[in-house]
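Colleague: Let the sequences and hints guide you as you build the complete structure.
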Amino acid sequence: MITQINSEIVKNLVQPLPSSHKGNNGRILIIGGSEKYHGAPILAAKMASKIVDVVYFFSAITNNEIVKKMKSELAEFIILTSVDLPQYIPLVDVVLIGIGMEQTKETEDTINNFLKYYPEKKVVIDADAIKMVDKSFLNRHCILTPHAKEFEILFHLPATSENVFMMSKQYHAIILLKGQKDYVSDGEDLWENVTGNAGMTKGGTGDVLSGLITALAAKNELCLAAKAGVFINGYAGDRLKKKVSFFFNASDLVAEIPYVLKELTE
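Going by the UniProt record's numbering, the sequence shown opens with residue 1, and the numbers climb by one from there.
Since the hints were derived computationally from the structure, they do not count as laboratory data. A hint or two may mislead.
Said to hold, decoys possible - In silico DSSO-like cross-links for lysine-lysine, where the CA-CA straight-line distance does not exceed 30 Å: (1) Lys135 with Lys116; (2) Lys219 with Lys262; (3) Lys50 with Lys242; (4) Lys219 with Lys116; (5) Lys262 with Lys242; (6) Lys241 with Lys202; (7) Lys135 with Lys181; (8) Lys116 with Lys149; (9) Lys121 with Lys22; (10) Lys241 with Lys11; (11) Lys181 with Lys241; (12) Lys22 with Lys50; (13) Lys105 with Lys135; (14) Lys11 with Lys50; (15) Lys262 with Lys22; (16) Lys181 with Lys242; (17) Lys36 with Lys105; (18) Lys149 with Lys105; (19) Lys11 with Lys243; (20) Lys243 with Lys181; (21) Lys68 with Lys22; (22) Lys36 with Lys68; (23) Lys149 with Lys181; (24) Lys36 with Lys131; (25) Lys135 with Lys149; (26) Lys11 with Lys262; (27) Lys202 with Lys105; (28) Lys131 with Lys202; (29) Lys169 with Lys105; (30) Lys105 with Lys116; (31) Lys50 with Lys219; (32) Lys36 with Lys116; (33) Lys149 with Lys169; (34) Lys202 with Lys11; (35) Lys262 with Lys50; (36) Lys242 with Lys202; (37) Lys219 with Lys135; (38) Lys243 with Lys262; (39) Lys68 with Lys131; (40) Lys36 with Lys121.
Modeller: The structure is reproduced here in structure tokens:
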């Protein structure tokens with residue numbers, strides 16, 4: 001049986017306490033970026049920085065110039081080096097990996113080494129990293145966020161709601177299949193999301209979603225973060241459609257989502 005996600009899911013999210021201080025409301029790490037897709041981690045970081053207290057970012061040494069450009073565009077994150085990573089990974093609540101990375105041996109090694117050495121760390125696996133992940137490393141601490149093609153490449157199965165449930169159950173991971181309708185499963189239940197519209201086919205909206213889910217996962221259970229994130233992202237798109245029809249982009253989503261969170265949590 002498929003359960004439809006509704007706005008009540010957002011009320012289950014942990015809210016910041018008035019007495020909280022820096023770090024109490026989440027620390028995340030984004031591992032991603034490439035020469036070709038340098039905008040993807042920027043969008044994810046911009047989104048996440050509106051929710052969590054600290055956003056760390058790491059990219060490959062060959063992307064140092066990209067990192068410098070990112071730093072000039074966004075002040076709300078802290079750049080890490082490869083020397084820093086072992087020290088900071090234990091400090092963060094969740095890691096987003098793969099966003100803006102290309103399908104290379106470096107990407108394959110990055111994702112699989114991370115899963116091998118940090119099996120207990122919450123992780124959101126996105127973009128080309130999905131195509132290259134070693135499924136034997138997947139566990140209940142993982143969220144996969146594939147679109148249909150990525151799902152088919154990883155699992156060698158059609159991207160259907162039934163297969164989302166089956167693969168989630170087999171690999172013990174949370175799977176969010178993105179599409180006209182979105183499907184989320186934890187291997188025990190299956191949920192459907194119908195928020196969103198054709199204005200969200202533009203590049204970058206999935207990067208915003210990944211940043212949002214990662215931020216929510218910092219202080220919430222992974223499946224809740226996936227369900228709430230995909231609902232909120234689509235709901236924000238629907239609000240924008242009412243204002244400007246289909247003429248909005250990923251940056252507009254980043255700006256709109258805080259208003260959605262305010263509306264749905266009050």
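Colleague: Would you mind marking each hint as holding or not holding in the structure?
Modeller: Now for the hints, and whether the structure bears them out:
| no. | hint | in the structure |
| --- | --- | --- |
| 1 | Lys135 with Lys116 | holds (11 Å) |
| 2 | Lys219 with Lys262 | holds (17 Å) |
| 3 | Lys50 with Lys242 | holds (23 Å) |
| 4 | Lys219 with Lys116 | holds (23 Å) |
| 5 | Lys262 with Lys242 | holds (18 Å) |
| 6 | Lys241 with Lys202 | holds (13 Å) |
| 7 | Lys135 with Lys181 | holds (25 Å) |
| 8 | Lys116 with Lys149 | holds (25 Å) |
| 9 | Lys121 with Lys22 | holds (21 Å) |
| 10 | Lys241 with Lys11 | holds (24 Å) |
| 11 | Lys181 with Lys241 | holds (17 Å) |
| 12 | Lys22 with Lys50 | holds (13 Å) |
| 13 | Lys105 with Lys135 | holds (16 Å) |
| 14 | Lys11 with Lys50 | holds (18 Å) |
| 15 | Lys262 with Lys22 | holds (21 Å) |
| 16 | Lys181 with Lys242 | holds (19 Å) |
| 17 | Lys36 with Lys105 | holds (16 Å) |
| 18 | Lys149 with Lys105 | holds (20 Å) |
| 19 | Lys11 with Lys243 | holds (25 Å) |
| 20 | Lys243 with Lys181 | holds (22 Å) |
| 21 | Lys68 with Lys22 | holds (25 Å) |
| 22 | Lys36 with Lys68 | holds (15 Å) |
| 23 | Lys149 with Lys181 | holds (15 Å) |
| 24 | Lys36 with Lys131 | holds (17 Å) |
| 25 | Lys135 with Lys149 | holds (17 Å) |
| 26 | Lys11 with Lys262 | holds (10 Å) |
| 27 | Lys202 with Lys105 | holds (28 Å) |
| 28 | Lys131 with Lys202 | holds (21 Å) |
| 29 | Lys169 with Lys105 | holds (28 Å) |
| 30 | Lys105 with Lys116 | holds (16 Å) |
| 31 | Lys50 with Lys219 | holds (14 Å) |
| 32 | Lys36 with Lys116 | holds (27 Å) |
| 33 | Lys149 with Lys169 | holds (20 Å) |
| 34 | Lys202 with Lys11 | holds (29 Å) |
| 35 | Lys262 with Lys50 | holds (12 Å) |
| 36 | Lys242 with Lys202 | holds (17 Å) |
| 37 | Lys219 with Lys135 | holds (26 Å) |
| 38 | Lys243 with Lys262 | holds (18 Å) |
| 39 | Lys68 with Lys131 | holds (28 Å) |
| 40 | Lys36 with Lys121 | holds (28 Å) |
Of the numbered hints given earlier, the model fails none.
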